[in-house]
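Chemist: Since the structure of chain A is provided, determine the placement of chain B on it from the hints.
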Amino acid sequence: MRRSRRQFLGSSAALGASLALGACALPRSGDRPLDETGSRLIVVNWSEYIDPELLPVIESDLRLAVDYQETYEDNQTSLDTIIAPALSAGRVPPYDLIVPTNWLAARMIANGWVEPIPLEAVPNHVNIDPVYLTNDWDRGSRFQMPWQAGITGIAYDPAQTNGPIYSIGQLFDRSLAGRVALIGEMREAVGFGMLLNGDDPSRPTPLTARAGFDVIANAVSQGQIAAIVFNEFADGLADGTFAASMAWSGDTVLLQADRPDIEFVIPDEGAISWFDTMVIPKRAPNYANAAAWMNWAYEPANAAQITSWVQYISPVLGVQDELRRLGGETAELAENPILFPDDETRNRLFTWGSLDIESELQLEDDFNALVESMS
Amino acid sequence: MTRTSSSCVSYDVGVTQSALSTNRLRTTPAILRAWSVAITVILTLLAIAGVVTASQLVSATNEIDDNTGPVLISTQGLVASVAEADAANTAVFLSGENEDRQQRRLYETALDRAPRQIEDISSRLGSDETSHAAIKTAASQLTVYSGVVERARLGNVSGIGTATQDLQEALDLVGGSTGILSNVQTVTDRTQSRLDDDISAATIPLVVTLALLAVAILTLLLAQIRLRARTKRTINPGLLLATITVLALAAWLILANVGRTLDLNEARDEGYDSIALTAELQTAAFEFKTNEAASIIGTSTFEGDNRAQSVARVEGLLTSIQNAAGSDREQAAASALTTRWQRYVNTSDVIAELLSDGDIDAARASAIGAGSRDFNGFNTTVESVLLANRDQFDESVDSAANRLNWLLVGTIVLPLLAAAFALGGYQSRINEYW
Numbered sequence: 012m013r014r015s016r017r018q019f020l021g022s023s024a025a026l027g028a029s030l031a032l033g034a035c036a037l038p039r040s041g042d043r044p045l046d047e048t049g050s051r052l053i054v055v056n057w058s059e060y061i062d063p064e065l066l067p068v069i070e071s072d073l074r075l076a077v078d079y080q081e082t083y084e085d086n087q088t089s090l091d092t093i094i095a096p097a098l099s100a101g102r103v104p105p106y107d108l109i110v111p112t113n114w115l116a117a118r119m120i121a122n123g124w125v126e127p128i129p130l131e132a133v134p135n136h137v138n139i140d141p142v143y144l145t146n147d148w149d150r151g152s153r154f155q156m157p158w159q160a161g162i163t164g165i166a167y168d169p170a171q172t173n174g175p176i177y178s179i180g181q182l183f184d185r186s187l188a189g190r191v192a193l194i195g196e197m198r199e200a201v202g203f204g205m206l207l208n209g210d211d212p213s214r215p216t217p218l219t220a221r222a223g224f225d226v227i228a229n230a231v232s233q234g235q236i237a238a239i240v241f242n243e244f245a246d247g248l249a250d251g252t253f254a255a256s257m258a259w260s261g262d263t264v265l266l267q268a269d270r271p272d273i274e275f276v277i278p279d280e281g282a283i284s285w286f287d288t289m290v291i292p293k294r295a296p297n298y299a300n301a302a303a304w305m306n307w308a309y310e311p312a313n314a315a316q317i318t319s320w321v322q323y324i325s326p327v328l329g330v331q332d333e334l335r336r337l338g339g340e341t342a343e344l345a346e347n348p349i350l351f352p353d354d355e356t357r358n359r360l361f362t363w364g365s366l367d368i369e370s371e372l373q374l375e376d377d378f379n380a381l382v383e384s385m386s
Numbered sequence: 014m015t016r017t018s019s020s021c022v023s024y025d026v027g028v029t030q031s032a033l034s035t036n037r038l039r040t041t042p043a044i045l046r047a048w049s050v051a052i053t054v055i056l057t058l059l060a061i062a063g064v065v066t067a068s069q070l071v072s073a074t075n076e077i078d079d080n081t082g083p084v085l086i087s088t089q090g091l092v093a094s095v096a097e098a099d100a101a102n103t104a105v106f107l108s109g110e111n112e113d114r115q116q117r118r119l120y121e122t123a124l125d126r127a128p129r130q131i132e133d134i135s136s137r138l139g140s141d142e143t144s145h146a147a148i149k150t151a152a153s154q155l156t157v158y159s160g161v162v163e164r165a166r167l168g169n170v171s172g173i174g175t176a177t178q179d180l181q182e183a184l185d186l187v188g189g190s191t192g193i194l195s196n197v198q199t200v201t202d203r204t205q206s207r208l209d210d211d212i213s214a215a216t217i218p219l220v221v222t223l224a225l226l227a228v229a230i231l232t233l234l235l236a237q238i239r240l241r242a243r244t245k246r247t248i249n250p251g252l253l254l255a256t257i258t259v260l261a262l263a264a265w266l267i268l269a270n271v272g273r274t275l276d277l278n279e280a281r282d283e284g285y286d287s288i289a290l291t292a293e294l295q296t297a298a299f300e301f302k303t304n305e306a307a308s309i310i311g312t313s314t315f316e317g318d319n320r321a322q323s324v325a326r327v328e329g330l331l332t333s334i335q336n337a338a339g340s341d342r343e344q345a346a347a348s349a350l351t352t353r354w355q356r357y358v359n360t361s362d363v364i365a366e367l368l369s370d371g372d373i374d375a376a377r378a379s380a381i382g383a384g385s386r387d388f389n390g391f392n393t394t395v396e397s398v399l400l401a402n403r404d405q406f407d408e409s410v411d412s413a414a415n416r417l418n419w420l421l422v423g424t425i426v427l428p429l430l431a432a433a434f435a436l437g438g439y440q441s442r443i444n445e446y447w
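Here the protein sequences come in this chain order: A and B.
Be aware that the first sequence starts at 12, since it is given in our numbering, and climbs by one per residue.
Be aware that the second sequence starts at 14, since it is given in our numbering, and climbs by one per residue.
Please keep in mind that the hints were generated in silico from the structure rather than gathered at the bench.
Don't be surprised by glycine CBs; every beta carbon is placed ideally from N, CA and C.
Errors might be hidden in some of the hints.
On the chain A side, residues computed to face chain B include the following (Cβ under 7 Å) [as the list claims (entries may be wrong)]:
1) 131
2) 141
3) 147
4) 153
So here's chain A without its partners, still in its complex pose (with noise of 0.2 Å):
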């Protein structure tokens, strides 16, 4: 996710271009005419998610002029700026395909502001990692398809921290005061707090949420934290103003290419995961365009080429092969636990569940005043 990747690219992003890429059919037909559609494709996505040098290649490949906008920005302003004003109101948004986190894409659908995916359209959707189709909001995975998906644990410097962190209750610890940064994304800093006091961010109530929250804010109260940052951390532990923060596992590969000596740990009590996924909003101008995109980019050998740029955890099944058939150091990436992580690493992962939504308006309501406050 999310922003500022392009400096620590390096070799892998010269990889984008040059491989070849397969082209796709689309069938038509389905529950909404898959034939009333244009030539373009408007998608709307976090900026730097996506090698640009891919964009031409996916537009010969579809034979579709591609308006890539990078005007994502994180999930509540763009709920706030993008989604709602059009969704809400039933218009015809301004773009076909957004790429929303998924407790964002949750709401979307139970809002009724997306439209199905048109299977016969999507022949890759089969190659969805099964992790991601037991989500109690969409079973199946009938209305979204993940984009990329990553893990919020702890990136560190260990020349800061005088040792090793393998736990949330080390980032609160005295001998770290003022030098810790939290994520600001709500679900991950909050799911911390509960993941702290054993509870489970996968299943949270009103009440766990709370205590989770309340660990948070007791640390900022007390000068624990020295912000609330998204991808600024990987500037923070790379400059030296942090010792430790919570950290997306993308953005910590990307900053190991300069700094190896940063570390990135799933600490002992848990991490939480998430994932940015593809949905097609209702009355998209484009929507077998859309659809079109969604199978382009579930294509492994296509899939490969999103993962070596951005470094993130692929939802598509195939890509940890493509990425060895591939050599050099994109193959390396294949070995990557991060990128990759095994069962064990798995097993301890969270994804953010469902709250009913009254609490989780207020637990945002209070968490942004708490950003506020350090700003």
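Modeler: This is chain B only, laid out in the frame that chain A set:
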């Protein structure tokens, strides 16, 4: 004389009045009135029969929409939940002391879902005591099952030897011949029978109504012919309008009923039969997975012809689903099912090979990791195919219900309107005699 005369006069008056009376009945206005009364009676009877027919058609269609259909679909959802819970629980068990939390979460969420589905089914079964008893048994078995699972879990973590037997008991509670899935099947079978009854509902009232429609049309035509013969050979506009109105009602009723039957047959053939076939596939796949788990924990073997037959059974069902798939979307879903199943079987082949080599630990590891993931991939794909079939079922039932919109009102209003037209037509003719 006077008396005689009086008597004579009296006699004459009596004869004259009787003759007059008979003559009055034979007068054209009287005959016209008699016809108008007869036509009114026929059209009133038609209205009554029509209302009964329309009410029964609407009621049976609503029953499918509100109860029979949702029950059939919920039963398959329940099968999916129980299958997922048990597959996840088996994976948790196989993971031993270091419990697989992902699978445990899957187990718990699936087990949370199942009672809600049972409640939904139970609330829609109406007065079918057998189905109520079966779902009640399934509900209590589910409670027992969760208890046995916890006992097995505790034994497994503590290394108690009976844990394996407990797991086998849990597996039998789900898939055994009198287990949860068997009881759910009872509900499914009985509800399917109710669906057939609902589709063919209102046959007798419909036949009566159609017969009355025919009688009404013939009577109106005959009345028109007779009236025309007695008058200046002009067509009576009131009777003409009445005839047209009754013909319109006949056309409406026939079209609505034929359309409804076609829609409901489509719901059954394209929607529900696919649902049933997919659910059968799910059960067969689940049995395969259960047998595999039992072979890993050592309570039974699952190899050779026995295993090959199980694979062949699932593959046969996959072929049937592929063949039954009508639309491009169904074809795509059937193809996805085949791919997901093949992935699971490939992993299962590895597990079987490891078992035959005696490498139990590696077989367990494979079953917990790739095996569980691939089975969940297959299971959730089955579920999304079920949901797609449900959408198709719902659409067809909705279409059937839409065809009956206003029919109830039409069956009352149109015959009465026709009667009014007929009475008006006769009255205008009668008025010509005054």
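Chemist: State for each hint whether it applies.
Modeler: To see whether the hints hold, each was checked on the structure:
no. : hint : in the structure
1   : 131  : 4 Å, holds
2   : 141  : 3 Å, holds
3   : 147  : 6 Å, holds
4   : 153  : 5 Å, holds
Of the numbered hints stated above, none is contradicted by the structure.
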